[in-house]
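There are 2 protein chains.
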Amino acid sequence: MQPSQPITLEHVQLTNGFWQQRQDLNRRVSVPNVYQRFAESGRFEAFRFDWKPGMPNQPHIFWDSDAAKWIESASYLLQQQRDPALEAQVDELVDLIAAHQEPGGYFNIYFTVCQPDQRFQNRTEHELYDAGHLIEAAVAYARATGKEKFLGLMCRYADYIEEVFKTHHQTAFYTPGHEEIELALVKLWHYTGERRYLELSKWFVEERGRHPEEKTYDYANARYDQHHLPVREQTTAEGHAVRAMYLYTAMADLAGEYQDQSLLDACLRLFDNITQRRMYITGGIGSARQGEAFTLDYDLPNLTAYTESCAAIGLMLFSWRLLQLKPDRRFADAFERAMYNGFISGISLDGKAFFYENPLEIVPELRQRDASLKESRPLAATQRSELFSCSCCPPNITRILASLSSYLYTQSQDTLYIHQYMASQAQLTAGARLTVETDYPRGESISLRLQGWSGRRLALRIPGWCRHYELTQDGHKLPLQLENGYAVVLVEAEDCQLQLTLAQPVTFYAAQAAVRADAGKVAVVRGPVVYCAEAIDNGPDLWALTLDTTAASWLEPDALSGLDRIVLSGYRQQQGAAAGEEDLRDKQSEPLYLPQSDLNETPQTIRLIPYFAFANRGETEMAVWLRPHL
Amino acid sequence: MQPSQPITLEHVQLTNGFWQQRQDLNRRVSVPNVYQRFAESGRFEAFRFDWKPGMPNQPHIFWDSDAAKWIESASYLLQQQRDPALEAQVDELVDLIAAHQEPGGYFNIYFTVCQPDQRFQNRTEHELYDAGHLIEAAVAYARATGKEKFLGLMCRYADYIEEVFKTHHQTAFYTPGHEEIELALVKLWHYTGERRYLELSKWFVEERGRHPEEKTYDYANARYDQHHLPVREQTTAEGHAVRAMYLYTAMADLAGEYQDQSLLDACLRLFDNITQRRMYITGGIGSARQGEAFTLDYDLPNLTAYTESCAAIGLMLFSWRLLQLKPDRRFADAFERAMYNGFISGISLDGKAFFYENPLEIVPELRQRDASLKESRPLAATQRSELFSCSCCPPNITRILASLSSYLYTQSQDTLYIHQYMASQAQLTAGARLTVETDYPRGESISLRLQGWSGRRLALRIPGWCRHYELTQDGHKLPLQLENGYAVVLVEAEDCQLQLTLAQPVTFYAAQAAVRADAGKVAVVRGPVVYCAEAIDNGPDLWALTLDTTAASWLEPDALSGLDRIVLSGYRQQQGAAAGEEDLRDKQSEPLYLPQSDLNETPQTIRLIPYFAFANRGETEMAVWLRPHL
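Sequence order for the protein chains is A and B. Take the first sequence: its letters are residues -11 to 618, numbered as in the working numbering. Take the second sequence: its letters are residues -11 to 618, numbered as in the working numbering.
Certain hints may be false.
Below 30 angstroms or equal to it, Euclidean Cα-Cα: the simulated DSSO-like pairs (lysine-lysine) are [unchecked claim]: (1) K362(B) / K362(A); (2) K362(A) / K203(B); (3) K203(A) / K362(B).
Calculated from the structure, these hints are not laboratory results. Note that the coordinates shown come from a computational prediction; the quantities given were computed from them, not determined experimentally.
If we strip away everything but chain A, and leave its shape as in the complex, we get:
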């Protein structure tokens, strides 16, 4: 391990560009809007603990976590810019938590108000998941505001959990059915310095897979929540993708904290399995709606891709932990792939509505295919919603957006690592300062100014997708050698100015031969951004289009996405009649199958938009993977 430490949220500000605009929208629109939807649906009322049978809005088992992720989102906003009104909203909730937490430390709305006799009896019921998100929120709020009331409550809850799970084991199960508390306890240890919390995290992780008797849902087996094997023996990403990612994130945390090589090795095997076998080109993971789960190596159907927004976030969190243990661009590449595609696709461009799942193909009319049945089997969502009955994704997206600037840089004693390129300013140790100016990923050029870092090293990630790049200083090209995908330079000047260029030609990507769903198709990618076609731009039946991959393509500004459209030459197969006997030619008749030689096609200009911008102009067909022209 060659660990490096993150430059944390309070030390980095985005200054403009793609992500700064999204952070601004997040602050102005998304976080308040999620608050409103949660308020309307009774999620905050529930903290009054006065729901009674027969009343509307019965608290749900994961409502605590919805509110917690909203508090965490608000905390990251507050950390960058104080806002008394927003703070008051959080404080009101904290007061309610204080008022209703049990003296022993237990806190859960549903299992106090609805089923008090079922506490910690059923591992699928999300109590520890709720606890984990409340702990994350409490830490974030303390960091942001210095107010530690919420944190104190959650320390008491964590103490209680330690007692009933680990010290005296009085609960009906050992490991939570939905992982989350493991990574939260590491955050609690980081903030409080109280090592018991780290030990408790380790205990939960180590117990996993050692209790084959532990039950999961009736329809699932032990793979579903990753308790099929002790974690060090797990080699493939299995089961519910979000649960898996939260577990692996904690495993990576613990590998670092304990310098535990065998745990790191397990993480690396799992990371490779995901990114080399089980990940969509968008960074989406979890290809099956049933179980919201990983399936098999190379099984990546596009139309029925589940690819939950929270799972893409989970991949970002896991990659980020690994990146801190070892600066290797594979981890930052995965982070960037998810961030620009399967993560940000989860929120509408107006900031109000969210996708739970992020399919790679949409054919709206296929929803009608079970025309003779009362209920159709769902394929995938085609439009975003402001609220879901299980509304985990919206506040997960807002919390990541609000804290995104904390995922850009790490530093070790002698090296500053730049993992992601965003226009930003960062305070480093001992007064050193980094300023990045760029309109990446729209532009290819990144200006870097590093002050007070002389005698130390700067490591610039050259993304895995980038084949042509150069780094110049004062107009002179620097010779570059990559270390694990990072161009490393020794900084000599006190005020060092560098210019990095990452060429981003429009590139046609193919999938490995083993991927059935993408065989014979290409995805159009520019830099880190995956593109897609929508019928609103290109007409229906997108599968009837073919791209001329040898012709020139060009870029067109796209007000919708804030990036560019890609315009390509292509063709459209025409519906048509077969050549044949004249007396059988019927103008109305189109044979369903006809000799390939009878096919007609007409030239068509094809316009692609960034994948993340799909489904922002009404319901329309969409496809990422398109056919190259023969």
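With chain A fixed as given, assemble chain B onto it according to the hints.
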């Protein structure tokens, strides 16, 4: 309408070739084997009406129909070749039917033995479907043997049905949830000349769609069993495909019997909708497992194709009825397409095992995709079985095979129509005689000898797939004009000998632009036979293969199918590493996505077998639609 009359089973014998071999196997192996499986599973014991709760093998609601279709199969065998042992098996069942039929005429095992209080109370419970198959069997057995005992019993049952459904309407519903009795009653009218049976058939068909209150299964709506609209208003094939086909077949029967143009028009619209929008290239129909149903125009997924064997048979029956009303090759083309592909694929090459569904793609390992769930969602069967719990397909296939020679020829007063080409001898009216010698569809040449037909016309179907053909007499090419796809010649000689050649080049077919599942793919077809690739011949991941559609192909004898294999040049995409920075090259690492320009492929010879022969060498990947090389 230009009706022509079938040359019926007793007048046509297959003499050799593809279908004669299958008929022989059917007589030797399949019919006895189905009998054994039915006997072992209690289907014949059930006719003793002595099942009691707690005993094994509780009779099922459609067991009557399973036995009936076996009797019908046996009858067609007996019609062509008497067999006392086989006849004794049938007679034993007929005696049991006679012993247990109620004095009033009612006969149904389940609703006598298991639920006698539920007779004709629930339209989904298959009583009239059972009755229809028993009637078909009784007519077939009477025709074959002259014994009319069974027929008499079934006339009494039909009389009872007329009384309780139509005359006094004492039943809980008007129309059966599974059509079948409608077409059976037409057969009963043909044999008995008793017009009431035709009128009853018409009554059932006319009532359909006029009782919106009639219920179907809880999961289905009125489209499921085609009672969503009066039959003349139906324009798209909807719902359960077998039910739909049996209804449409009866509609075509009635259109002819009543010279009912509006009913015929409805049939033609439905036929066009099926064959131009909703039929697989194999003649399989019904693309959804859920509901065993038609879905939407052009929605023809291959991996999850349901395409029940009985539905392909239904398409043959429907097409055959239309062909009798109007000699138009569209109908004979559809019949032939289903017969050589989606029908005969339903039985194994050893004659013992059957497919209920006939998918166009098999990927065995995808059965494991729900690895984290207790139960996987089924995709499609990958291997044939000798018996199913709902075992409608096996005896349906055996009855069609045993009677196949009755679907070749029709004649009107002045014209003999040859619809299908099989080596055969046929007795025509007034001592005229037809002899066909050919090894079609392996060979392209068909010798025809027509004796005693001078002064009348001969109409030879030129299949829609055939672009080059010629007809010669004494080595001289005859000038041909097609009438609705039939080459018509005036026969002058008393002993007329003709030679027809139908060129059958290997042809790459494409689907219309609207068919999403087949976009960018081709199916290899020779004459009427659709081909497929199996992994056992070509290695796994068939989607990684591409065909060189411009290179020569050749034929290789195939002992397995009795036809030829097609051998093609092609390529296989190699799994491989992306070109990139040397320091990042890891021999174990295969990036999941890589620039299209990095793809490697190696030449590979590709061997295809007839589609109907798939899954006869163990479980292996299969695909009909393959990718052409770029």
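Worksheet item: Which earlier hints turn out false for this structure, listed by number in ascending order?
Response: Every hint satisfied by this model.
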